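Listed below, chain by chain, are the residues.
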Amino acid sequence: MKDFPRLIARFAVENEDNFEVITVYDHKIQREFLDKNSPVLNSISSIYTTATWFERKMRDDFGIKIAGTYDNRPLIHHERFPAIYPMRKEFQEQEVSFSQYSPYKYETVKGEGVFEVPVGPIHAGIIEPGHFQFSQEGERMLHLEVRHFYTYRAIEKSLEGIKLLDSREIIEKISGNESIAYQSALFNIIIQASSIKYDDKLKKYHCLLLEIERIIHHLTDIGFIPNDAGFGAALSFASQLSEDTRVFLKKISGHRFGFGSIEFETKEYDANMIENFLNTLEEKVKWFENWIMDIPSLWDRFDTTGTLNKKKARKYGVVGVVARASGKKVDSRDNDFYKKYGFILQNESVGDVGSRFKLRIKEIYNSIEMIRNFIDEALHVEQPKSFKDGEYMSFVESSIGELFMFVKLKDGLIERFYARDPSFINWQALYLMMEKDIIADFPLINKSCDLSYAGSDL
Amino acid sequence: MIKFWKKRLQNPISTKNLEFNDELKEIKKELKSVIAKRFAGSLAIRMVSSGSCNACEAECNALSNPYYDLERLGIHFVASPRHADAMLLSGVVSINMYHHVLDAYHQMPQPAHIITLGDCPLLEGTFKQNFAIKGAKSLNLPISHHIQGCPPEPKEIIKGLLEFIKNPKDF
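Chains U and A, in that order, are what the protein sequence lines are.
Take 277 as the starting number for the first sequence in my numbering and just add one per residue.
Take 5 as the starting number for the second sequence in my numbering and just add one per residue.
Simulated from the structure, these hints should not be mistaken for laboratory data.
Note that the structure is a prediction, hence the values are computed from the model and not measured.
Hints are not guaranteed to be accurate.
[As the list claims (entries may be wrong)] Pair by pair, the computed Cβ-Cβ distance ranges are:
{"no.": "1", "chain 1": "A", "residue 1": "Q152", "chain 2": "U", "residue 2": "E551", "range": "32 to 38 Å"}
{"no.": "2", "chain 1": "A", "residue 1": "Q14", "chain 2": "U", "residue 2": "K381", "range": "18 to 24 Å"}
{"no.": "3", "chain 1": "A", "residue 1": "S142", "chain 2": "U", "residue 2": "S322", "range": "49 to 55 Å"}
{"no.": "4", "chain 1": "A", "residue 1": "D107", "chain 2": "U", "residue 2": "K381", "range": "32 to 38 Å"}
{"no.": "5", "chain 1": "U", "residue 1": "A547", "chain 2": "A", "residue 2": "Q133", "range": "55 to 61 Å"}
{"no.": "6", "chain 1": "U", "residue 1": "P660", "chain 2": "A", "residue 2": "H80", "range": "22 to 28 Å"}
{"no.": "7", "chain 1": "U", "residue 1": "L441", "chain 2": "A", "residue 2": "Q14", "range": "48 to 54 Å"}
{"no.": "8", "chain 1": "U", "residue 1": "N566", "chain 2": "A", "residue 2": "D107", "range": "31 to 37 Å"}
We treat Cβ as the ideally placed atom computed from N, Cα and C, and that holds for glycine.
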């Protein structure tokens, strides 16, 4: 396959006399300028399938017409969503009324004996809302359409016009499981915009918290994945570990999810306490791994289920755990700073549920190792007073994958905020994993990817 | 599996003695008749997220870990609103979830209760009303109890649920 740049994000910014569409690839940034009166954008979805959601989102947000696309359906505008383009500067309503119900046409497979199974938006478990539409041939899944944006809270719009330092309170609550990652991404932008030096001690503290967040996420998953294959004992064990780690995070950061913890100062913490905790945790995870690896009936479910091969993973530009489990070496932590503190890029090759499960365990060990190296003394840095106007971008590896954030500052206030959650890309590749499996495997496959709904919905 | 049972027998019961455990014993006696009368022996909850950040859901999932073990109190989460006595509503009630929350509520057998979870539904926290955020009050449904916090910790959720059982009122 021809090697082509990976698509990271594609979004629009409203300027005074045009719409600017910024497309971020891994090695270049492209800008297109559209006429404000009749904005038309040429689609790139025939080359990049994952551009589809970005483009549909732009159409719903700004009313930009997309030329040459195969998908003209709305993304955020659900059945009763009023006909508004909320991201346009002229839109300032605080309250809108619902419009007439207009049905959404799902992407389905037709044929004799083929039937559809709609699931959601409210699911049977304790999870976020989202919709999955299956086309079934008996038990076999022929196709799956993922339809989200039920938790759309207009985060981008509500951040416009506020001060950079005041935006943290909202940004940390975009996705609870990735709160520290979102805060870190924002902090990177604050550093860039204020041109203060990112002190190594402070950076180490922030990375330490980010790794704890990752461990919690992985521990939760290594419990829930076997649970979805009918092995509840694993969940009981792993959920104890994740609770222990959450309590540990609270001890260090002051909050169970690390809300408000990425700041200009580090909290005082006891290095011995951390060391002891990590030793016990490592020992328990090792025991867990040893136990789970030995249960053949479980691996019968894990192996070859929900496979995403490397070729497709590359074509769709997936990120994070899903990408690394398929053998694609992509990790935002793959840099000199992290390597100095013991980062080793973990990956698997097959890309099935088993690979993602094993990868998570490997990453827990590596994160434990890094946290040991990140321990340092407390520090306080002066908070910056002013910020330079301009455009800033940052990348952080959240527990799900690469998180991209964009902020444009104008007169010291946020002019445009955009964040692309790793899930936004990975959700679009989820259907690829269903090809050879039956519908009963879906919860297992979905959980093995463990994507965020709120993060991608914004 | 032998490995597991060996380990299991070595470890003590891990359910935490929460600060209100003594109080709990008292409440339990008191509750017996209330639960028997109102909720046919146990309280069934349907969790509905209407646009939260997933932290509230994570804490609710934590309720079933061995430390908190909510089911020992006779409170359990069910898979359908049709099986539920109460809806635990988290999130801001977004524009796209509004009608689905109403649908879920109307599927519940009467008398149905709504317990709001976290600061989001009543818009007490970070998220304020805007064109996409409706808030639970806009549903015009009776709210029987509120558990505050962002997110409320598992023990606060347990405490809140017990308070609700003791005194379910509309406000």
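Hint by hint, here is what the structure shows:
1. A C-beta distance of roughly 36 Å is found between Q152 (chain A) and E551 (chain U), which places it inside the suggested range of 32 to 38 Å.
2. The supplied range of 18 to 24 Å is broken by Q14 (chain A) and K381 (chain U), whose beta-carbon atoms lie about 58 Å from each other.
3. Distance hint for S142 (chain A) and S322 (chain U): a CB-CB separation of about 42 Å, inconsistent with the stated range 49 to 55 Å.
4. D107 (chain A) and K381 (chain U) have their C-beta atoms about 21 Å apart, which leaves the hinted 32 to 38 Å range violated.
5. Checking the proposed 55 to 61 Å range against A547 (chain U) and Q133 (chain A) shows it is violated: the Cβ atoms sit about 45 Å from each other.
6. For P660 (chain U) paired with H80 (chain A), a C-beta distance near 50 Å fails the hint of 22 to 28 Å.
7. Range check, L441 (chain U) to Q14 (chain A): Cβ separation about 50 Å, and the 48 to 54 Å hint holds.
8. With their beta carbons about 46 Å apart, N566 (chain U) and D107 (chain A) fall outside the hinted range of 31 to 37 Å.
Figure legend: structure checked against the earlier numbered hints; hints not met, in rising order: 2, 3, 4, 5, 6, 8.
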